[in-house]
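Chain A is fixed; fit chain B onto it per the hints.
Number of protein chains: 2
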Amino acid sequence: MKVKPVFVTSNENKLREAAEILGLDLDRADVDVPEIQSLDFGEVAAAKALAVREALGSPPYPVIVDDSGLAVVAWGGFPGPLTKWLMKSVGNAGLLRMLDAEDDRSACAICTVAVVDERGAIQIFRGVVEGEISCEPRGKGGFGFDPIFVPEGKTRTYAEMGSAKSADSHRARALRAARDALGGR
Amino acid sequence: MKVKPVFVTSNENKLREAAEILGLDLDRADVDVPEIQSLDFGEVAAAKALAVREALGSPPYPVIVDDSGLAVVAWGGFPGPLTKWLMKSVGNAGLLRMLDAEDDRSACAICTVAVVDERGAIQIFRGVVEGEISCEPRGKGGFGFDPIFVPEGKTRTYAEMGSAKSADSHRARALRAARDALGGR
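Quick mapping for you: the protein sequence lines, in order, are chains A and B.
Convert by adding 873 to the 1-based position in the first sequence; the result is the number in my numbering.
Convert by adding 873 to the 1-based position in the second sequence; the result is the number in my numbering.
Hints were generated in silico from the structure; no laboratory data involved.
It should be emphasised that the depicted structure is a prediction, and the values quoted were computed from it without experimental measurement.
Some hints could be false.
Below, in silico cross-link-like pairs of lysine-lysine (DSS-like), each with a Cα-Cα straight-line distance of 27 angstroms or less [what the hints assert, rightly or not]:
#1 B:K957 to A:K957
#2 A:K961 to B:K957
#3 B:K957 to B:K1013
#4 A:K961 to B:K961
#5 A:K957 to B:K1013
This is chain A alone, in the form it adopts within the complex (with noise of 0.2 angstroms):
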């Protein structure tokens, strides 16, 4: 019998992206466990794939689990892992203003994927994204900080670069980087 990874997502365009860079039939879970704190993606997505992987049962098939972020250099690399409630709280506007007095405006997107098989045994794959906080939100794609980060060499942000974005993103890089170790195509 063959089994499917499974990809965990609330989300079929997500599931359909990250098949489409494995080169892999992936099995959606729609499963929702708690995120530890830490600044450390791979230490989140370790826990997370772990956490997922006791909830569906330890099952016969590997579990891969993503987590994003976006790490502020002025501030030590915050919010991180942590990205999600800062934009809970305050969103894009606010984190701007929050920038304000700050000149160095350079930032990472960060994504981690997390794989683990079968047996129990955890791969941490990583996708970075240089470039830089816009001083206003700009465009109408895509979700969370994508209206506010510029990446290097562009002069569009995330929200405006539409398809272009997911082409070559943090989460493409990190999904990518899992490809060879997942056998995919």
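Below, chain B alone, put in the same frame as chain A:
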């Protein structure tokens, strides 16, 4: 056999302060479990208490944990239970820079005490001190955000107040709220 409740801390002074306010003999447990990501203090403390109880093998005595943070009003309550990560990343000086653009400097110091009894039932107690964020760090005492938090009606920061802080801090208020429930004197 009379068994003492266990208070979870790596800090002997915190244990002594808790025992005094609760009016109970306490044992100390130095158990380090990951905290969950959330902006809800009660949720974080409850999950921590249960995780510690599990780590201790579900002992026949109550387990008590506390969790503190700073809820900045202009930031919709952020960083809340995530305060320690903001502190680790940017410190008090960095937090002040982030708050630079805001006129409203009001904030609450919040402590939650979670008690999980020998049957696994949880109670949550909360202590809140309203106040505001000072314009620069002041005072050598205390730790964390103590040098930048001025309780309402006071002029000194927590860090400048010395023992006058602990008499009526957010932590003291949460512990006093817990006292009756725990049957201390």
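The hints, checked one at a time:
For the hint linking K957 (chain B) to K957 (chain A), the alpha-carbon distance of about 16 angstroms falls within 27 angstroms, and the restraint holds. At roughly 18 angstroms between alpha-carbon atoms, K961 (chain A) and K957 (chain B) fall within 27 angstroms of each other, so this suggested pair holds. For the proposed pair K957 (chain B) and K1013 (chain B), the alpha carbon gap of about 19 angstroms is at most 27 angstroms, so the pair holds. Taken as a hint, the K961 (chain A) and K961 (chain B) pair is honoured in the structure, with Cα atoms around 21 angstroms apart against an allowance of 27 angstroms.
The hinted pair formed by K957 (chain A) and K1013 (chain B) fails the criterion: a straight-line CA distance of about 33 angstroms is larger than 27 angstroms.
Going through the hint list in order, the structure does not satisfy hint 5, though it satisfies all others.
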